[in-house]
Amino acid sequence: MSIKISATAFDPWQEVQTYQKSALRAGQFGATSVFIGTMRDFNDGAAIQGMILEYYPGMTEKQLEKIVGEAQQQWAVLDALVIHRVGAILPNEPIVLVAVWTAHRGDAFDASRYIMEALKSRAPFWKKELLGPEDERWLVANTQGYKTD
Amino acid sequence: MSIKISATAFDPWQEVQTYQKSALRAGQFGATSVFIGTMRDFNDGAAIQGMILEYYPGMTEKQLEKIVGEAQQQWAVLDALVIHRVGAILPNEPIVLVAVWTAHRGDAFDASRYIMEALKSRAPFWKKELLGPEDERWLVANTQGYKTD
Amino acid sequence: MIMSIKVRYFASLKESLDRSEDELAFGKSLTVREVWQCANAGKPLPAHILAAVNMDYVDLDSIVQDNDEVAFFPPVTGG
Amino acid sequence: MIMSIKVRYFASLKESLDRSEDELAFGKSLTVREVWQCANAGKPLPAHILAAVNMDYVDLDSIVQDNDEVAFFPPVTGG
Numbered sequence: 001m002s003i004k005i006s007a008t009a010f011d012p013w014q015e016v017q018t019y020q021k022s023a024l025r026a027g028q029f030g031a032t033s034v035f036i037g038t039m040r041d042f043n044d045g046a047a048i049q050g051m052i053l054e055y056y057p058g059m060t061e062k063q064l065e066k067i068v069g070e071a072q073q074q075w076a077v078l079d080a081l082v083i084h085r086v087g088a089i090l091p092n093e094p095i096v097l098v099a100v101w102t103a104h105r106g107d108a109f110d111a112s113r114y115i116m117e118a119l120k121s122r123a124p125f126w127k128k129e130l131l132g133p134e135d136e137r138w139l140v141a142n143t144q145g146y147k148t149d
Numbered sequence: 001m002s003i004k005i006s007a008t009a010f011d012p013w014q015e016v017q018t019y020q021k022s023a024l025r026a027g028q029f030g031a032t033s034v035f036i037g038t039m040r041d042f043n044d045g046a047a048i049q050g051m052i053l054e055y056y057p058g059m060t061e062k063q064l065e066k067i068v069g070e071a072q073q074q075w076a077v078l079d080a081l082v083i084h085r086v087g088a089i090l091p092n093e094p095i096v097l098v099a100v101w102t103a104h105r106g107d108a109f110d111a112s113r114y115i116m117e118a119l120k121s122r123a124p125f126w127k128k129e130l131l132g133p134e135d136e137r138w139l140v141a142n143t144q145g146y147k148t149d
Numbered sequence: 001m002i003m004s005i006k007v008r009y010f011a012s013l014k015e016s017l018d019r020s021e022d023e024l025a026f027g028k029s030l031t032v033r034e035v036w037q038c039a040n041a042g043k044p045l046p047a048h049i050l051a052a053v054n055m056d057y058v059d060l061d062s063i064v065q066d067n068d069e070v071a072f073f074p075p076v077t078g079g
Numbered sequence: 001m002i003m004s005i006k007v008r009y010f011a012s013l014k015e016s017l018d019r020s021e022d023e024l025a026f027g028k029s030l031t032v033r034e035v036w037q038c039a040n041a042g043k044p045l046p047a048h049i050l051a052a053v054n055m056d057y058v059d060l061d062s063i064v065q066d067n068d069e070v071a072f073f074p075p076v077t078g079g
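Residue numbers (the numbering used here), protein chains in the order written: chain A, 1 to 149; chain E, 1 to 149; chain S, 1 to 79; chain P, 1 to 79.
Pulled out of the complex, with its shape left as it was, chain A reads as follows (with noise of 0.2 Å):
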């Protein structure tokens, strides 16, 4: 299990590929699932220029580490990687990366989406999107994000 937080742009697929050669035995794995969150140039109707993420360094840590704890003890992970980015970000730039290897299909699809939702709820980042010179704004909250119908 690895958990780093990013102060510099990272490539996802660079990082899961070295992830997985370090960390996972070949022939051991045969579910991987990837989650990628990469920065807009839009959101909720406004181009944005760019974006500064903040963090709580040591509590973020410490809060992935749990919810990864938490989605092992749930299902049968054999390893999982956690990116998070936080510093000035520009659009295209990837912000989180969530990956895990289990053996079969279903653990790998419920324990990233069980990361994705934990860190979006609990883990202490904050986004502020620069919308222009002089026009910033700070999010005011993580959205559930998928249709209840």
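Simulated from the structure, these hints should not be mistaken for laboratory data.
Just to be clear, a hint being listed does not mean it is correct.
[Stated by the list, open to error] Below, in silico cross-link-like pairs of lysine to any residue (SDA-like), each with a Cα-Cα straight-line distance of 20 Å or less:
hint : chain 1 : residue 1 : chain 2 : residue 2
1    : S       : Lys43     : S       : Asp59
2    : A       : Lys21     : E       : Glu15
3    : P       : Lys43     : P       : Asp56
4    : A       : Lys66     : P       : Asp59
5    : A       : Lys128    : P       : Pro46
6    : S       : Lys14     : E       : Glu54
7    : E       : Lys128    : E       : Tyr114
Given chain A, work out where chains E, S and P should sit, using these hints.
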């Protein structure tokens, strides 16, 4: 949307990066969900040397296109990529890749899972496991794959 | 009128029948189930078998048309 | 006995208070809510505020110990 049947080994990370660069506009997508099924070296208590994956050329592509189309009708999918191996496969080689790009995370998780489940139950592929010289077995059916408790 | 039907078999079914296809000609319209019976005289349809006509799933009572491609195969196991 | 408490603020709350932390000393044990009141005399706790002690979430009525780090912040918006 792209559907590929591959008779040779493919690199899922390379495929998804290349497709993303060619088909998605930077800044447009906020969520990417990638599922990769990989051949394990054991199954149902037996060591597996390799696998032969048979398919029904024409029908397999037709069914996969239909499945991705269903996902596009149910969720706000910006783009999707499905690659499936056929032929002789060795342990640790990727078998299937499903990648979905959306604006928001819920659609990405839901659509990729829908595509994988529908593929497992409806796309005409058949696996024969090679347990050793002269010892092979057809898989009888795919399992549902999720904890139900 | 004579109907020409191609019948295809896949995976374990192909192996147990020891052939991958049949070319049949009929003088009247048949259901998918009857196509199986003509092509495999005396062999009952295996349990859990799936059928497709022109690469779409069908049930065994659907009617086959001239030049259709009928396929029979076991439950799929891809992914 | 004197208790030393560090109080930290994040994100929009840090900006509206115009500082990121306080160092406080108390002569008696306090709840998290009372810590806020001591540090921000007269300012009501904003709605929806979250609190942590030593980097774990707590509710506002939990008791603070000597050398604890108390944090207040708005709902999280990562991911």
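Hint check results:
1. The hinted pair formed by lysine 43 of chain S and aspartate 59 of chain S meets the criterion: a straight-line CA distance of about 19 Å does not exceed 20 Å.
2. Taken as a hint, the lysine 21 of chain A and glutamate 15 of chain E pair is honoured in the structure, with Cα atoms around 18 Å apart against an allowance of 20 Å.
3. A hinted pair counts as satisfied when its Cα atoms are at most 20 Å apart, and lysine 43 of chain P with aspartate 56 of chain P does not qualify at roughly 24 Å.
4. Between the alpha carbons of lysine 66 of chain A and aspartate 59 of chain P the distance comes to roughly 18 Å, so the proposed pair stays at or under 20 Å and holds.
5. Note on lysine 128 of chain A and proline 46 of chain P: the hinted pairing holds, with a Cα-Cα distance of about 19 Å set against a maximum of 20 Å.
6. Under the criterion of a C-alpha separation no larger than 20 Å, the hint pairing lysine 14 of chain S with glutamate 54 of chain E is consistent with the structure, at around 11 Å.
7. Between lysine 128 of chain E and tyrosine 114 of chain E the alpha-carbon distance is near 25 Å, which puts this suggested pair outside the 20 Å criterion.
Checked against the numbered hints above, the structure violates hints 3, 7; every other hint is satisfied.
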